[in-house]
Each structure stands twice: as C-alpha cells, then as structure tokens.
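One letter stands for each residue in the lines below.
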Amino acid sequence: MDNLLVINQLTYKRNMRVLLDDVSLSIPAGSIIGLLGDNGAGKTTLMRLISGAATNYSGSIIIDGEVDKPTMKGLVSFSEQLNGAATDAKLEDLAKFYDTIYPEFSMDNFNQLVSNFNLNLKQKLSQLSKGMRRNFVISVTLARRVKLYLLDEPFDGIDSMKRKKIIENILAWMPDDASVIISDHHVTDIANLLDQVVIIKNRTIVNQIDADKIREEYNQSIEEYYESFYKEVNDHA
Amino acid sequence: MQFDDKVPIYYQIKQYIYKEIIIEHLNPGDKLPAVRQLAVDLTVNVNTIQRALSELVEEEVLITQRGKGNFVTTDMEKLVSLKQHVVEEQIEVMYDHLTELQVTPDEVLEYLTAYMKQRKEQDNG
Numbered sequence: 001m002d003n004l005l006v007i008n009q010l011t012y013k014r015n016m017r018v019l020l021d022d023v024s025l026s027i028p029a030g031s032i033i034g035l036l037g038d039n040g041a042g043k044t045t046l047m048r049l050i051s052g053a054a055t056n057y058s059g060s061i062i063i064d065g066e067v068d069k070p071t072m073k074g075l076v077s078f079s080e081q082l083n084g085a086a087t088d089a090k091l092e093d094l095a096k097f098y099d100t101i102y103p104e105f106s107m108d109n110f111n112q113l114v115s116n117f118n119l120n121l122k123q124k125l126s127q128l129s130k131g132m133r134r135n136f137v138i139s140v141t142l143a144r145r146v147k148l149y150l151l152d153e154p155f156d157g158i159d160s161m162k163r164k165k166i167i168e169n170i171l172a173w174m175p176d177d178a179s180v181i182i183s184d185h186h187v188t189d190i191a192n193l194l195d196q197v198v199i200i201k202n203r204t205i206v207n208q209i210d211a212d213k214i215r216e217e218y219n220q221s222i223e224e225y226y227e228s229f230y231k232e233v234n235d236h237a
Numbered sequence: 001m002q003f004d005d006k007v008p009i010y011y012q013i014k015q016y017i018y019k020e021i022i023i024e025h026l027n028p029g030d031k032l033p034a035v036r037q038l039a040v041d042l043t044v045n046v047n048t049i050q051r052a053l054s055e056l057v058e059e060e061v062l063i064t065q066r067g068k069g070n071f072v073t074t075d076m077e078k079l080v081s082l083k084q085h086v087v088e089e090q091i092e093v094m095y096d097h098l099t100e101l102q103v104t105p106d107e108v109l110e111y112l113t114a115y116m117k118q119r120k121e122q123d124n125g
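Protein sequences appear in the order of chains A and B. Under this note's numbering, the first residue of the first sequence is numbered 1, with each subsequent residue one higher. Under this note's numbering, the first residue of the second sequence is numbered 1, with each subsequent residue one higher.
One chain only, chain A, in its complex shape (with noise of 0.2 angstroms):
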C-alpha cells in the first residue's frame, strides 16, 4: 500500500514549550487508524498540524505527495472544523457555509448522514445535544470528499448506540482510497475498526503496530496492550 500521509521529524513548540517532538510517522492509504494516548498527550496537536492549521513548526508533513499548505487542506477534512461556528446559526445554513467554503463538500452526501442521524436542519446549533452535535459534525466532516479524515475522539460523550451508528457511517462513507485517523482514549469503541494503532505518549509517537498483529502474536486485546505499553514505558522511565 502506498503512503498516503508522511511524517518526518515533526517538532512544535509554542510558548516555550515543547507540544510535539520529533514525530515521525507513515499512514498507508485505505486505512483506519486509532490514535491512541492520555489526554495531553498531543493526539489533538497532531491532527491539527495535520490539517494544516498551524505551520510554524519544523520537520515535514507530506499529503498524498503534496507539501504545498493550500493544496493539502483541500486533502484533509478535520473534525474540529467546526470550533468557532456561530451557535445561533441553523444548521442548514451552517451546512451551507461549508459548501461555500469547501470545493470538495458534497451537499448530497451531508443530506444522506444528517438523515441516517435523523437531525433536523432547521435547528441551531445551540439547541442540539451533545450526541446531535457529534453527529452533525461528523456529518459535515464526512460529506467533504478528501483523501484523509482525522476525527478527534468521535465518540467523547456518545452511549453505545449512537456510537454505532457513527461507526457505521464512518464505514459506509470512506472513499475507498482515503484513510481515517481517530484517536480516542476508550480504546474498546473502536477496537474492531482499527488496521493500524499508533500510540503518542510525552508528545511522540511511541509505537504503530498492526491491530491484528496485536492480536495473532501478543494474545492481547488492544487495550491491554495500550495500556501495558504506557505502564511498561512508565517503569522504564
């Protein structure tokens, strides 16, 4: 499988401090990936600088071949896009706004997941629940067509149903060649989905493994082995 997104030697630091440091890291394309680390661990800062929304940093973040900012962003739809909308907006018009916005939003696709969520368009924004809220976000991150999907902890919040729900969007609305990266701290939510698990610990990645090798050859579930590895490199430390 050829390398949709490469990271080489990524290091962030703002304020004097060090947010990121020293990240590498391949994803392959058509893959879905867990992002897996404790809050404060940089799983956010990551995906940020993925998307583009931060460039002073050093190293390098290649997209599908491409190191040119504008053209990457258009490659990458990011599930934090929404922080700042207007919370007394409807979210038609919301919706709207990113078709504007977004060359590459597929008005169709959003009016098929806000149906599959059962949302109502004539809402505001303010007025939804936590869990409506969620899936009107992953509606609007889903309905762009891009090459790479990054969904900072999806399921934050969410009980099990609507969990599934969202899960079963997620497959159904992949392009077949476009990755995902999820990161979550409930690693159980989405262990099944998952080919590859990278985890971040202190700001870098610390391993990146194959869901099912961690399965076949350590006999552990994903879980145990995030967190035997968190507390294995704690006792090192």
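By construction, these hints were calculated from the structure, which means they are not laboratory data. C-beta atoms are modelled at their ideal positions from N, C-alpha and C, and glycine is treated no differently. Some hints could be false.
Claimed, not checked - Stretch-level coverage of chain A by chain B, calculated; a stretch enters the list once three of its residues show a Cβ under 8 angstroms from a Cβ in chain B:
#1 67-78
#2 196-203
To be verified - In the DSSO-like style, the derived pairs of lysine-lysine whose C-alpha atoms are separated by at most 30 angstroms in a straight line are:
#3 130/A - 164/A
#4 130/A - 162/A
#5 120/B - 162/A
#6 201/A - 6/B
#7 31/B - 78/B
#8 90/A - 201/A
#9 213/A - 14/B
#10 13/A - 96/A
#11 19/B - 231/A
#12 165/A - 120/B
#13 68/B - 165/A
#14 31/B - 164/A
#15 130/A - 213/A
#16 164/A - 96/A
#17 19/B - 164/A
#18 120/B - 213/A
#19 19/B - 213/A
#20 164/A - 213/A
#21 162/A - 96/A
#22 122/A - 165/A
#23 19/B - 162/A
#24 83/B - 120/B
#25 122/A - 69/A
#26 164/A - 6/B
#27 6/B - 162/A
#28 19/B - 165/A
#29 201/A - 31/B
#30 78/B - 164/A
Let chain A serve as the given structure and place chain B on it in line with the hints.
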C-alpha cells in the same frame, strides 16, 4: 456481531462465514454481500473483510467471479470437509483443555458419553 478483542478480527470473520455456511444461512452458490456492506454489517473495516475473504477464496470455500463478487462454492466435497474441519477444531480445543487437566483419552470418552447422556435428558426434560 460481538468480537473477542484478543482474537484477530479477520480470523473471527472467517469463523463466522464458516458457520453461516454450515448452518445453511449461506447455501452453495449463494452470493456474499459486497465487501463494503459486510464491513458496515459487522462494523469492521474493509481491509479486514478483504483479508478474511481472500483467505476463504484461497481455501476454495468461496469462489470469486470477476466483476460479480464472491460466491459460496458448489463443490459439495469441499463443504463436507469444511464442516469436518470446523468440528474437529472445536474438539481439538476441548481435548487440549482436558489433557491439560491430565484426563486420559479413555476418560475423555467416558466423560463425554456421560455428559451427552445427561445433557440429552436435560434438554428433553
């Protein structure tokens, strides 16, 4: 479908399809759902389904028709030996567990016969 997260998912999908064939939810010559559909139904990713299916094709349990999809083999001999193989695997697990407890092969047979007698009465009663 509930997965055991300690067992490779592709392996569990293979077992699931074996079972569907053995209990005739899938019959000889039946077409399997599209890969993407199976992925959504079982909530696993497309690559994992692909891996399970390609191993089943290699084992000739499934036959791929170009552009049409995957079909259950119509080779009855193959299907009979599939069932034999799956049953044997289950017995093997049980046998290994019992010999670990130092139960002798003769005792295994005795225990099994007694258990089946008891179970039959239970299930019929």
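Hints violated by the structure (numbers, ascending): Those not satisfied are hints 1, 2, 5, 8, 10, 11, 12, 15, 18, 25, 29, 30.
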